[in-house]
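A.B. asks: These protein sequence lines map, in sequence, to chains A and B. The numbers in the first sequence follow the numbering used here, run straight up by one, and end at 459. The numbers in the second sequence follow the numbering used here, run straight up by one, and end at 141.
Don't take each hint at face value.
[Said to hold, decoys possible] Partial list, computed: chain B residues near chain A (C-beta under 8 angstroms):
id, residue
1, Gly17
2, Thr32
3, Lys91
4, Met95
5, Ser96
6, Arg105
7, Pro136
8, Glu140
9, Gly141
[Unchecked claim] 16 angstroms max Cα-Cα, derived EDC-like pairs, lysine to aspartate or glutamate:
id, chain 1, residue 1, chain 2, residue 2
10, A, Lys160, A, Glu78
11, B, Lys7, A, Asp226
12, A, Lys4, A, Glu115
13, A, Lys157, A, Glu78
14, B, Lys7, A, Glu228
15, A, Lys373, A, Glu453
[What the hints assert, rightly or not] Rough simulated footprint, nothing fancy, chain B against chain A, three-plus residues with beta-carbon under 8 angstroms:
id, segment
16, 33-45
17, 138-150
18, 231-241
19, 333-342
Since the hints were made in silico from the structure, they are not lab data. A quick note: this is a predicted structure, and the numbers were derived from the prediction, not measured. Positions of the beta carbon are idealized from the N, C-alpha and C atoms, including for glycine.
The residues making up each chain are set out below.
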Amino acid sequence: MQYKSQAVAMPYFIAAIGLFVGQIIFGLIMGMQYVVGDFLFPEIPFNVARMVHTNLLIVWLLFGFMGAAYYMVPEESETELYSTKLAWILFWVFLAAGALTILGYLFVPYATLAEMTGNDLLATMGREFLEQPLPTKIGIVVVALAFLFNITMTVLKGRKTAISVVLLLGLWGLAIFFLFSFYNPHNLVRDKLYWWFVVHLWVEGVWELILAALLAFVLIKVTGVDREVIEKWLYVIITLALVTGIIGTGHHFFWIGTPEYWQWWGSIFSALEPVPFFAMTVFAFNMVNRRKREHPNKAAVLWALGTGVMAFLGAGVWGFLHTLAPVNYYTHGSQITAAHGHMAFYGAYVMVVITIISYAMPLLRGRAANSEKAQVLEMWSFWLMTIAMVFITLFLTAAGILQVWLQRVSDTPMSFMAAQDQVVLFYWMREWAGVVFFIGLLTYLASFFVKGETKAVAN
Amino acid sequence: MSGIFSKAMARNIFYGGTVFFFLLFLALVYDTEQVLPTRDNREALTPEVIAGKKIWETRNCIGCHSLLGEGAYFAPELGNVYPRRGPEFIKAWMMSQPTGAPGRRQMPNFHLSDTELDNLVAFLKYTSGINTSNWPPNIEG
Numbered sequence: 001m002q003y004k005s006q007a008v009a010m011p012y013f014i015a016a017i018g019l020f021v022g023q024i025i026f027g028l029i030m031g032m033q034y035v036v037g038d039f040l041f042p043e044i045p046f047n048v049a050r051m052v053h054t055n056l057l058i059v060w061l062l063f064g065f066m067g068a069a070y071y072m073v074p075e076e077s078e079t080e081l082y083s084t085k086l087a088w089i090l091f092w093v094f095l096a097a098g099a100l101t102i103l104g105y106l107f108v109p110y111a112t113l114a115e116m117t118g119n120d121l122l123a124t125m126g127r128e129f130l131e132q133p134l135p136t137k138i139g140i141v142v143v144a145l146a147f148l149f150n151i152t153m154t155v156l157k158g159r160k161t162a163i164s165v166v167l168l169l170g171l172w173g174l175a176i177f178f179l180f181s182f183y184n185p186h187n188l189v190r191d192k193l194y195w196w197f198v199v200h201l202w203v204e205g206v207w208e209l210i211l212a213a214l215l216a217f218v219l220i221k222v223t224g225v226d227r228e229v230i231e232k233w234l235y236v237i238i239t240l241a242l243v244t245g246i247i248g249t250g251h252h253f254f255w256i257g258t259p260e261y262w263q264w265w266g267s268i269f270s271a272l273e274p275v276p277f278f279a280m281t282v283f284a285f286n287m288v289n290r291r292k293r294e295h296p297n298k299a300a301v302l303w304a305l306g307t308g309v310m311a312f313l314g315a316g317v318w319g320f321l322h323t324l325a326p327v328n329y330y331t332h333g334s335q336i337t338a339a340h341g342h343m344a345f346y347g348a349y350v351m352v353v354i355t356i357i358s359y360a361m362p363l364l365r366g367r368a369a370n371s372e373k374a375q376v377l378e379m380w381s382f383w384l385m386t387i388a389m390v391f392i393t394l395f396l397t398a399a400g401i402l403q404v405w406l407q408r409v410s411d412t413p414m415s416f417m418a419a420q421d422q423v424v425l426f427y428w429m430r431e432w433a434g435v436v437f438f439i440g441l442l443t444y445l446a447s448f449f450v451k452g453e454t455k456a457v458a459n
Numbered sequence: 001m002s003g004i005f006s007k008a009m010a011r012n013i014f015y016g017g018t019v020f021f022f023l024l025f026l027a028l029v030y031d032t033e034q035v036l037p038t039r040d041n042r043e044a045l046t047p048e049v050i051a052g053k054k055i056w057e058t059r060n061c062i063g064c065h066s067l068l069g070e071g072a073y074f075a076p077e078l079g080n081v082y083p084r085r086g087p088e089f090i091k092a093w094m095m096s097q098p099t100g101a102p103g104r105r106q107m108p109n110f111h112l113s114d115t116e117l118d119n120l121v122a123f124l125k126y127t128s129g130i131n132t133s134n135w136p137p138n139i140e141g
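Next comes chain B alone, as it looks inside the complex (with noise of 0.2 angstroms):
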């Protein structure tokens, strides 16, 4: 095999296929960008949703749950969590943090007031409007 391939040509089509591929990719993800307005909700990002998106960040929720089914799985799927349990379920649920129920997982008190709480849950209500392609097969998450 030596004689017929050599390392010039083995480089040659790395450095041809990695250009190629990532040009590809790029097409792609344009494309994809085109695509989004139809799928991504993005009519429904209000200020009190951009808001919600920075509560979620800051408290790490992402640490224990998945959204959209990334993150953490110590905790359950909170992409859907809006349609499965709606806002006030949510909100009283937060309040009441941590249940302090031995041996149980807990969740800390992330001390919101009021709007926080309205923010956060209008971005999970966001969120469960993304076009997610039927994702998670039922509402469990």
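Pulled out of the complex, with its shape left as it was, chain A reads as follows (with noise of 0.2 angstroms):
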């Protein structure tokens, strides 16, 4: 650690962590009433499992975006954070924001809910992934606006690098999409349309330039490979990434109400989309192969190619498998699209977060690197993990070519539920696979307690 105020991306970090664990304890739930139907019926019904399970998805990867920016950005600038003491703040009313939403969600009932934070004044609550009461939408909005001024301003007074530009032009954009979410028109195609200037945007647009800033970075500092290059295939991969996911944003169009050319544009556009992540990935293996010194932090290394391949499989071949209108046409809204969420915000978001965690998280603790045996066990929750999401994903998929065949393409079409029944194994391999996943985060969160000889940060 180079600067003193990159101290604060710790705290952001550890909130991270925390709330992935809560992430994956509401997945098994929610696996387990795939199974057994009643499972924690009334108490949890699946709608606010699920509603938790996402919610905290987004809320940890921000934190860990957040976290990320307090890391990168003094170092690329060259400079101490604007203000320490509002990364401070948002930490504290981000997270408190963030709870207690998670706690109405669990403990009060959705309508009552939405009765007393003020739906009735906007209505925007209800609406998949952006369930969030009015209070705390307007909480993400102040917060986001108060971490990119000081992020801005700890750029504008430093070294003004390519990796921290494209960074910022990642936050910027995220802030700007997310106030789409307060538009919600009555008519329901044009709700959905809009609908998808976050969520599309977002995972498959702006979040993609934040994802290649932090890989670069890591990438920078575990290799040793000269900043031009990075930096150069940095514009290339993200020129990519938003030439095809712009216009790809017209996959979501295909079924909504939406005119039937952006089954043209839709398809052959996010048709393309998988090309970035395959750049993505032959540029951490190039660059890994091309490095100029040797990292101790091995398991950083690791996380970072692991980003590559599994982003490019799950975002990009998953991706792909279900995105031409033919077949979307029948696969739209399946255990297919589970399957490709799954494995895409694992391989792109998730590991992206870990990936900067355990390159600075060591750092950040006063170490080049963890002991060896803490690596040694930090790579094996790496490879459970891993592993299980593929698994996860191979299930899901394994559903629902059979759901899709069942139900849609059958000459005699089963019914929802009656199709559901005919693929429960699948459900059940897929829930063993969640409670591997498990395993692999406890084994993740073990290797930050694991003691052992560290060298000191040469600096």
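Both chains come to you apart, so use the hints to assemble them.
C.D. replies: Right, dumping it as structure tokens:
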């Protein structure tokens, strides 16, 4: 750690990991409800568990992004953070808002929560992933703006690198597109159309800038490859991401009442969306192969390489699998979508946040890398979680193919629930893979507490 | 490659490409807005439908069901539930939840009034009138 103010990243990373654990527990509950339908009913109905699962994911990734920015930007800008105090205040505000929202989901009936929090003034709730009550949504905007002010001021007073500029663009985009969550027209088609301005333009748009910036930063640090080379790659990757991803939004406009030309635009451009992820994988391996130093933090290198591969598989390959309109006609809104969603989020965003945590956390704790023993355990957690996620995805894909066949392709289509009963075996296997994922996550937690000989920071 | 293709060129292509494709996207969305009146069943947007949409949202229906294929995949697609089941079945179904059948997926009872049930049904009827390019492939959703 070169700048004192970078230390504020630590609580963000700890909060991220803590909420990640919560996310997985609720994932296991939902997985169980897929096979034992009345599990925890009526205490935790499926919809509540799902809100908690997805909202925790979003919140902990945001904690991870913010922590990453607080760690990276002083080092990139070669100056202390504009205000460490503001970063600490925002940390507690965001954590409190996040915790209150989750408790609200769990302990207050959703309709009552809506009434209590001013949903009658401006109805924004009850849309997938944007379930947050109005005060939480406003809180997200306020925290995001104050955070962006802090980061932008830091960049402005220091060195401006491609990495920090791309990171800033991504974070500003994140805040700006979130504003569409306040727009909820009565017209369902227009509601859905602009809902994707948040959801798609986040995960297949501006978040990819953040992802690429984080990865580029860690690769510079662990490989020692020239910044010029890495930043050129960075620009190429994000160009590919946005050129394909922006019009690629069209793959969500096939069957929601939007004009049929989107079937062409969406199919063609989103079919190209794997390209930036492929480039990212090639980039990561290429840089590691051309490394000019042997960084002692091997776990961080593993996570960085893993991010490239798993993002390509999850977002790229599994996205392509069902993105062409004639295929999507059958797979839209099936377990295939769920399969893709799981591996894409894990491979792209979960893994890149763990990559930066893996790289930065030892430095924040005053050492270049963790002990050999701790790293071995961390790498075990990498393989456990990653392989478990591959199997979760494969089982959901199998369930999805069967579901689509029985319910949509067959000459004698089954009803939804009848088809669900037929695929229950795959849901069981998915749940067991989820248990392995959870064991991997616990292993990851344990790796933070393993002692052993460490090398001091060589500055 | 480093000699011919510089970082500055890569950066310029990034900014140029992003701006171009974002503007193209906005143009397509603008055109979509012009076409929507012929497809989105907006003439059926009565006060009942609008009230029904709010009930749909404040009961977090999307947390289990999908609507036009978007949402959760735990419970049936409801974009075409109106033609599949009809208004009376939907209302009776809502009122008889949860079934309490052991081991089966359970739907909460939302204790909706008759008016609220009618509004919700109106919303589902309006939704089923949207031109979805013939999706879903069959009535089972």
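A.B. asks: Could you tell me which of the hints above the structure violates, numbers in ascending order?
C.D. replies: 3, 4, 5, 12 and 17
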